[in-house]
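Each residue of the sequence shown is one higher than the last, beginning at 1 in my numbering.
Quick caveat, the hints were computed from the structure, so don't treat them as lab data.
A couple of the hints might just be wrong.
Stated by the list, open to error - Derived BS3-like pairs (lysine-lysine); straight-line CA-CA distance at most 30 Å:
id	residue 1	residue 2
1	Lys-125	Lys-13
2	Lys-38	Lys-125
3	Lys-125	Lys-105
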Amino acid sequence: MTVEEALQILQDKGYKYTGRRETLIRILDREDRYVTAKDLLEEMQEIYPELSFDTIYRNLGLFHELGIVSMTELAGERRYRMRCNLPEHHHHMICLICGKTREIKACPLDAMWGDPEGFQITDHKFEVYGYCQACIDAGRGEEVFSEQAPVY
Numbered sequence: 001m002t003v004e005e006a007l008q009i010l011q012d013k014g015y016k017y018t019g020r021r022e023t024l025i026r027i028l029d030r031e032d033r034y035v036t037a038k039d040l041l042e043e044m045q046e047i048y049p050e051l052s053f054d055t056i057y058r059n060l061g062l063f064h065e066l067g068i069v070s071m072t073e074l075a076g077e078r079r080y081r082m083r084c085n086l087p088e089h090h091h092h093m094i095c096l097i098c099g100k101t102r103e104i105k106a107c108p109l110d111a112m113w114g115d116p117e118g119f120q121i122t123d124h125k126f127e128v129y130g131y132c133q134a135c136i137d138a139g140r141g142e143e144v145f146s147e148q149a150p151v152y
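Please build the complete structure, drawing on both the sequences and the hints.
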C-alpha cells in the first residue's frame, strides 16, 4: 500500500482529508515494522502537540477497517503497519524486539488442509514471532534471548 493509494481509499470511501491523517499514513509508510499507537502519538505530537491517543486510535481503527493498515498484538499491545504491497497471499515473521517484519511466501494452511471438505475459509492469519538478525547481532534484549520466547 502506498501513501497515495491509502489517501485515495479514504477519499473514495467519503472520509475527510486531513493533514493529521496524511501525516499518520506517511509515518506508517516510512516504518518497516509494526509500531504502537504510543510510538505514533509521540512522533506526531512533535507536529501536532494537542493530538490525543483517542485521535490516533480512532484513525488506526478506521485505517484497519479500510484495509490500509495491518494490525497484530504483541505483548498485549496492538501494533500497526501499512498493508503489504505484495499482491500474492503471504504471511509474516515478526521481530519481538523491533517489530520488523519479513514475508513468508508459502502458506502453511495449504500444506495442512488445502481446501477442507465442508468448510469455506474466508480469511486467516499466520504469524511467526522471534528475533531478527539485526537485533540478535546488536545484543538487544539479551535478557529475552536467554529465556524462552513468549507465546502469543
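Here's how the hints hold up against the structure:
1. Lys-125 with Lys-13: holds, 25 Å
2. Lys-38 with Lys-125: Roughly 24 Å between the alpha carbons, so the hint for Lys-38 and Lys-125 holds.
3. Lys-125 with Lys-105: Within the cut-off at roughly 13 Å; holds.
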